[in-house]
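> Heads up, the sequence shown is in the working numbering, so the first residue is 105 and it goes up one at a time.
Worth double-checking, as some hints may not be accurate.
[Claimed, not checked] Here are the simulated DSS-like cross-link-like pairs (lysine-lysine), alpha carbons at most 27 Å apart as the crow flies:
| hint | residue 1 | residue 2 |
| --- | --- | --- |
| 1 | 280 | 840 |
| 2 | 284 | 299 |
| 3 | 299 | 948 |
| 4 | 948 | 284 |
Calculated directly from the structure, the hints in this document are not laboratory data. Keep in mind it's a predicted model, so treat the numbers as computed, not measured.
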Amino acid sequence: MIATPSRLPFELAPDVVLRVAGLPLAALAPLRAPGTVAWARTALELEDRMAALAPAAEDALAEAVAHAEHPATRRALLALRRDLHNARTPSRETLRTAEPVVPSPAADWLALRHRYEAHLAAGESTAAAELAAARYQLRHLAHDPALRAGVQAASPTLDAALPGYLAADDAPPSDKRARKTERSLVSYVYRAALKTSPFSTLTTLAHGRFHDSGPALGLALADDVPLRPLLRARPNLTALHEIAVAALGDPATRVALPFHAAGGWRRTGGRIHYIRRRYRPVDPGLALATPGVLEEEPFQLPAGPVLDEALRLLDAAGDAGLTLPGLADALHRSDPDGRPRERLDGYLAKLVELGLLTTPALAPDIHHPDPVAELAGRLRALGRPSPGPGPSLADRLERIREHADGFPLAPPEERARRTAALRTEVAEAQRALGRSTPVVPRTAVYEDAVLAAPATASLPAWEDGPLPALRRFARLLPAFDLMLLDRLLVRAHFRSRYGPGGTCDDVPGFAHELHQSFGKWLSGTGTRLGTLAADGAYVPRANPYDDPRVAALSAAHEEFTRALRAALDARFPEGKPQPPGAPELVLEAADLDRAAALLPPDDPGMPRSYSCYLQWAEPSGDRRPFAVLNWAYSGLGQPLARFARSFGPEAERELADGIRVRHARLLPPDAVAADLSGGYDTSNLALRPALAPYRLTGPAEAPHGPAERRLPVGDLELVDDEERGELRLVSRNLGKRVVPLWLGGLVPMALPRVQRTLLALSPAAMPLVADLWGCLEGGGPTDRPRVRHGSLVLARRSRRFAGPGLPGPQPPAETARGFLARRRWWRATGLPERVMARTDSDRKPQPVDADSPLSLALLDHRLRDAGEAVFTELLPDVTEPALRAGGSAYASEVCVELDAAPAPLEQAQHSGRTNPQ
105 MIATPSRLPF ELAPDVVLRV AGLPLAALAP LRAPGTVAWA RTALELEDRM
155 AALAPAAEDA LAEAVAHAEH PATRRALLAL RRDLHNARTP SRETLRTAEP
205 VVPSPAADWL ALRHRYEAHL AAGESTAAAE LAAARYQLRH LAHDPALRAG
255 VQAASPTLDA ALPGYLAADD APPSDKRARK TERSLVSYVY RAALKTSPFS
305 TLTTLAHGRF HDSGPALGLA LADDVPLRPL LRARPNLTAL HEIAVAALGD
355 PATRVALPFH AAGGWRRTGG RIHYIRRRYR PVDPGLALAT PGVLEEEPFQ
405 LPAGPVLDEA LRLLDAAGDA GLTLPGLADA LHRSDPDGRP RERLDGYLAK
455 LVELGLLTTP ALAPDIHHPD PVAELAGRLR ALGRPSPGPG PSLADRLERI
505 REHADGFPLA PPEERARRTA ALRTEVAEAQ RALGRSTPVV PRTAVYEDAV
555 LAAPATASLP AWEDGPLPAL RRFARLLPAF DLMLLDRLLV RAHFRSRYGP
605 GGTCDDVPGF AHELHQSFGK WLSGTGTRLG TLAADGAYVP RANPYDDPRV
655 AALSAAHEEF TRALRAALDA RFPEGKPQPP GAPELVLEAA DLDRAAALLP
705 PDDPGMPRSY SCYLQWAEPS GDRRPFAVLN WAYSGLGQPL ARFARSFGPE
755 AERELADGIR VRHARLLPPD AVAADLSGGY DTSNLALRPA LAPYRLTGPA
805 EAPHGPAERR LPVGDLELVD DEERGELRLV SRNLGKRVVP LWLGGLVPMA
855 LPRVQRTLLA LSPAAMPLVA DLWGCLEGGG PTDRPRVRHG SLVLARRSRR
905 FAGPGLPGPQ PPAETARGFL ARRRWWRATG LPERVMARTD SDRKPQPVDA
955 DSPLSLALLD HRLRDAGEAV FTELLPDVTE PALRAGGSAY ASEVCVELDA
1005 APAPLEQAQH SGRTNPQ
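Produce the complete structure using the sequences and hints provided.
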């Protein structure tokens, strides 16, 4: 039973999230070297003219050599011809001997060569002066409040090194440390001006709505009012994980904590089966958003009278739980002779180590407005004494919170002091609990920056611009959606195990069996969609159960891929590289419609909702505005949920209410929504308001929130609904379908197995549209044209270089000759003046400005160990900004959401069943 596709159009959600770069675009202008650029342009023109004269000059010299009467003259003419052929200046001796008999074409070349050499010599002073001016501006920018605050949050190491670099005034870096500091500062300046990834003041956020008038994109702010973000900081919650690990390892602390049995445990065949949660450790020096990789693994222990009774006692204790001494006392009283007290203590400690006994007392509540304060309050309520002569654990957590709370409003020196004090407090808390080598996260504070001024967007401008093209392309997003593919594969696997219409009441067990026996077919971090080979054969994603809807997804993706390949071949025949400024590829509406028509039907109970991240461009002249699609992700308010609390309590309530209204409109009326935690309770990317009426409590997760609003995983069952053609999650207690909602900031592939499986039963989406060319074998051509549909750019122009195609050893970019060498390579490759570059050794794209020696020097350093690099046009360019605020132009990115309600059940039709091979 498969439903027909929804014919309901995508509706534009009323909210927009605007990301604004931390520095105005004008901040980059003084880092450029316009005089040096003009000098290099003239030098390259002279090189072109010499190259044009060279063939005739060489022929004339060859004839002169043949008629030379003296051996010395002949040798000089031959040397001159070699120099001319190799485009180098002849020696004085060669010129003195050959000058009397040099033919006219060669003399013209020599005159141009002398002019070229004089021009090169004159460029050194221009380059040195502009480099000194750029360094002066760089040091001036280091004092900018927005940049400095962002650097302090993102890189305390750079912040600590800046005073020494700034003390050198205008002097160039004198040693390796100073050069590294300068490169890092250059990197952060360009990141703050041209990238829009939210982190502290490097990128600020604004919330707004669509209106019927006004600019396409803007801020409700007077032109003469500067942007002043409101800051909110929290400690890095991964530090709380390390403190919790130390607390569980401290016997004096452990005995005061209440414990529960891991959620979802069951007794089968004389053994206790449960899910064991462990973090796989990673390098603590990495700036990660989680304490490690969370693994949820099935585990079992032999049942027996002691364990059975312990589990009964814990179940009877309910949410209050039992302390380990209290549990040991109760077990001892049942059989004083057969259960020595000291052996019970060791036995229960082992159950804690094995993860069967867990404590919620050390787990933050990710939905609480102040999770650290709430955790400290819970610990203080336990009445735990200090682990030593110093402050209690609750007191230390309060200090950590206070250091973070005061971070946003403090001056730079105080921010640095608070960062150091917070890190010290985290380390001392672990030492006080007996951990000899504390683990302190590299990033101490997570800081969000938001604008009080609301964002504005003109609905007529969007309807007249990229919105129609975006809606049309959104119809095709299921063909790129890894989460939809997983949803279909999970149902097919379920039907193969339990049969059509089957039921499973062990969700964690199914999740682990799924990933163990079928995990290789599910999406991972390196998953690719189907690819079109060079010989024209399309290789689809695996479809191990021959599911018709998986096949339909592949058919739609194949149709799009062939349309892209046909457009490429028509514009750039095989073997012919693109000329500089080559025209873009245009995908017509018919191309997208043919592919979308092949998509499988929608689930009748599952809406489509996408968040689309775009950059609006306002080109000069008579060119129409356009937007660039950066990437797409889940909708349903996810982009707002992560930052809702940063806008303040009143705005948070308004945003949360608006998101809940959307959920009520889009989700099936016979279902309840439930927040999926994601498993990571010590990650700042999981913090958000509770936006659903229920919480899904996974195995071994702390049971936060009111008991009547919790849905433990043991209450859930999986049901294959043949009438609707979908796999459903059902709560036995509620007697209703449950739709999990993942509104956190971690990517789905980072979630542990049970959470990933629950996510496959949700409307979560993750379309791979950031690299359209991945659908062609080898990633498509090395020189990829821009791809556009209507006023929507789907892919920027990019070019890939590998091995000998990369720039070789050259003089330093800060010198005139080094700058000229890089401009020569830049011109030969046809790259635009500004690009985003990523390498195989550094996958994060970084801005590069070919007009700035400092930016080129940073690129040199990144290419030093690279075997491959991809350069992508900066689009919109600095000359095409859409956002002007406070008298300046800014790079920006806007997130809009598109919603489509599920198809009514009465539109369903039979079209076969999955074949469970």
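> All hints, please: hold or fail.
Okay, the hints, checked on the actual structure:
Under the criterion of a C-alpha separation no larger than 27 Å, the hint pairing residue 280 with residue 840 is inconsistent with the structure, at around 64 Å. With a C-alpha separation of about 21 Å, the suggested pairing of residue 284 with residue 299 holds against the 27 Å cut-off. Taking the CA atoms of residue 299 and residue 948, the gap is about 11 Å. The hint holds against a cut of 27 Å. Of the supplied pair hints, the one linking residue 948 and residue 284 holds, its CA atoms being roughly 18 Å apart against a limit of 27 Å.
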